[in-house]
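Produce the entire structure from the sequences given, and follow the hints as far as they go.
Those protein sequence lines, which keep their order, are chains A and B. All residue numbers in the first sequence are consecutive under the working numbering, ending with 162. All residue numbers in the second sequence are consecutive under the working numbering, ending with 332.
Honestly, the hints are just simulated from the structure, not real lab data. Hints are supplied without guarantee of correctness; some may be wrong.
What the hints assert, rightly or not - Think about it this way: if two alpha-carbon atoms lie no more than 25 Å apart in a straight line, the pair counts; the simulated DSS-like pairs of lysine-lysine are:
no., chain 1, residue 1, chain 2, residue 2
1, A, 84, B, 302
2, B, 314, A, 133
3, B, 314, A, 86
4, A, 81, A, 96
Stated by the list, open to error - Now the in silico label distances, taken between C-beta atoms and shown as ranges:
no., chain 1, residue 1, chain 2, residue 2, range
5, B, 180, A, 70, 43 to 51 Å
6, B, 321, A, 49, 22 to 30 Å
7, B, 190, A, 124, 49 to 57 Å
Where a beta carbon is used, it is the ideal one built from N, C-alpha and C, also for glycine.
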Amino acid sequence: MFAKKKRRQHEQLNLNLTSMMDMFTIILVFLIFSFSSQDQNLKLDPDLTLPESTAAIEFKWAINVNLTPTELRVEQNTIAKVKKGKFANVKVDTDKKRIIPLFNLLKKFKDIESREKVNPTGDETVIAFQADKNLPFEAIDLVMKTAAQAGYPNFRFVVLKK
Amino acid sequence: MPGIRESEKPVNLNMVPIMNLFLAMIPFLLMCAAFFQVSVINASVPALSEGGDQDQEPKKELKKVTLNVQIGTNGFTISASGDQSEDELKKIGGTIPKKNNQYDFDKLAERIKAIHDHYPKSDTVILLPGKDTLYDTLVKTMDATRERILDKRLDTREHLFTNAVVSSIL
Numbered sequence: 001m002f003a004k005k006k007r008r009q010h011e012q013l014n015l016n017l018t019s020m021m022d023m024f025t026i027i028l029v030f031l032i033f034s035f036s037s038q039d040q041n042l043k044l045d046p047d048l049t050l051p052e053s054t055a056a057i058e059f060k061w062a063i064n065v066n067l068t069p070t071e072l073r074v075e076q077n078t079i080a081k082v083k084k085g086k087f088a089n090v091k092v093d094t095d096k097k098r099i100i101p102l103f104n105l106l107k108k109f110k111d112i113e114s115r116e117k118v119n120p121t122g123d124e125t126v127i128a129f130q131a132d133k134n135l136p137f138e139a140i141d142l143v144m145k146t147a148a149q150a151g152y153p154n155f156r157f158v159v160l161k162k
Numbered sequence: 163m164p165g166i167r168e169s170e171k172p173v174n175l176n177m178v179p180i181m182n183l184f185l186a187m188i189p190f191l192l193m194c195a196a197f198f199q200v201s202v203i204n205a206s207v208p209a210l211s212e213g214g215d216q217d218q219e220p221k222k223e224l225k226k227v228t229l230n231v232q233i234g235t236n237g238f239t240i241s242a243s244g245d246q247s248e249d250e251l252k253k254i255g256g257t258i259p260k261k262n263n264q265y266d267f268d269k270l271a272e273r274i275k276a277i278h279d280h281y282p283k284s285d286t287v288i289l290l291p292g293k294d295t296l297y298d299t300l301v302k303t304m305d306a307t308r309e310r311i312l313d314k315r316l317d318t319r320e321h322l323f324t325n326a327v328v329s330s331i332l
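Here it is in C-alpha cells:
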C-alpha cells in the first residue's frame, strides 16, 4: 500500500496544451495581419472624429495640426480655443485671414527649416491636418489659409480608411 | 511484441518553448496592431505664382480642363475653365441638386467620370465649399472627384481629378 502511494506521488502531471496552442495560433495570425508599420509620427487626437474616406495614400512625416471641436493644436500644443466652430480668445487678422499665434508658430517652423534639415524624408514639409468631421469649413479655411501664408500651402487631410 | 507496445506510446512534444515564444510575440503584436487604418488625402490651397516666361504663348491644351465644384446649400455647381471655347466650357458645367436633403455624391461621381473621359489629361479640381459646409462633406466631395473604385476586393481604382485645390467662395 505504501509503494502504491509513493508511485502516485512521482507521476508526472501532463497538461493538455493543444487547445491553448490552437487559440494562441489564431490570435497570432490575426495580430500579424493587423500589424501596422505606419509612421509613428502621427498621433490620433482622441477629442475629434475623423471623416471616413476611400483614400489609400499612406501617411508620411508632416507637421501635425489638429482642429477639435474645442481646440486648435499644433504638435499637441494648444494654440486657440474653439467654440461652436469659431475661434475664441485668439487674435485673428480678418483682413489677411490668419490666426496670429498659429501664423507666428508656423513661421518659426519655416525659419528653422530654412536653416537646418528638419524633415527626415527630405521632401517638402506639409501639414498633416486632423479635423473633426462636423466642423464648418469656415474654421478649416482659416487654418488652411494661415498655414499657406506661413509657407505651408500643401496639406494631407488625415482620414479613416473606409 | 515489446516493440509494438513501444510504438503505441503517445509522443509528448515539449510545447513549453513554443508557448514562451507565443507569449512574447502576442504582447508585442498587440502594441503594434492597428484596429483602424489611417489614410491621407493630398490637398492644397491656391498660391500666387510668379509669372513665368510672358513672351512665350502657352500651348493650347484641348484635352485638359480645370474643374470647379462649388458646394452650396442646395447641392453642387460644376463649372470648368480651360483653353476650350466658351460654349464647350458651358456644356461641361451644370448643377447637381440635393436628393432627399442629402448631397448626391453618386451623381457627382458619375458626372465627374464623364467629364474626365472626355478630357482625360485633366487632373485639377478646385473645390469651393460654402462657409457652413461640413468638413465631412468636403472629404466626401474630394472622394467623388478624386477616383473611382473599380473593384473593392482587389483595390483597383481609376484616377480622375487627383489634384485637389481647396478654396473658398469670395
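Verification of the supplied hints:
Annotation: proposed proximity of residue 84 (chain A) to residue 302 (chain B) holds, straight-line Cα distance about 22 Å (limit 25 Å). Distance restraint check for residue 314 (chain B) and residue 133 (chain A): the Cα-Cα separation of roughly 24 Å lies within the 25 Å cut-off, and the hinted pair is therefore satisfied. At roughly 38 Å between alpha-carbon atoms, residue 314 (chain B) and residue 86 (chain A) are farther apart than 25 Å, so this suggested pair is violated. In summary, the hint linking residue 81 (chain A) to residue 96 (chain A) is supported, as the alpha carbons are separated by about 20 Å, within the 25 Å threshold.
In this structure, residue 180 (chain B) and residue 70 (chain A) meet the distance hint of 43 to 51 Å, their C-beta atoms being roughly 49 Å apart. Evaluation of the 22 to 30 Å hint for residue 321 (chain B) and residue 49 (chain A) yields a pass: the beta carbon distance comes to about 28 Å. Checked against the hint of 49 to 57 Å, the C-beta distance between residue 190 (chain B) and residue 124 (chain A) comes to roughly 35 Å, which is inconsistent with it.
The structure does not agree with the numbered hints 3, 7 stated previously, though it agrees with the rest.
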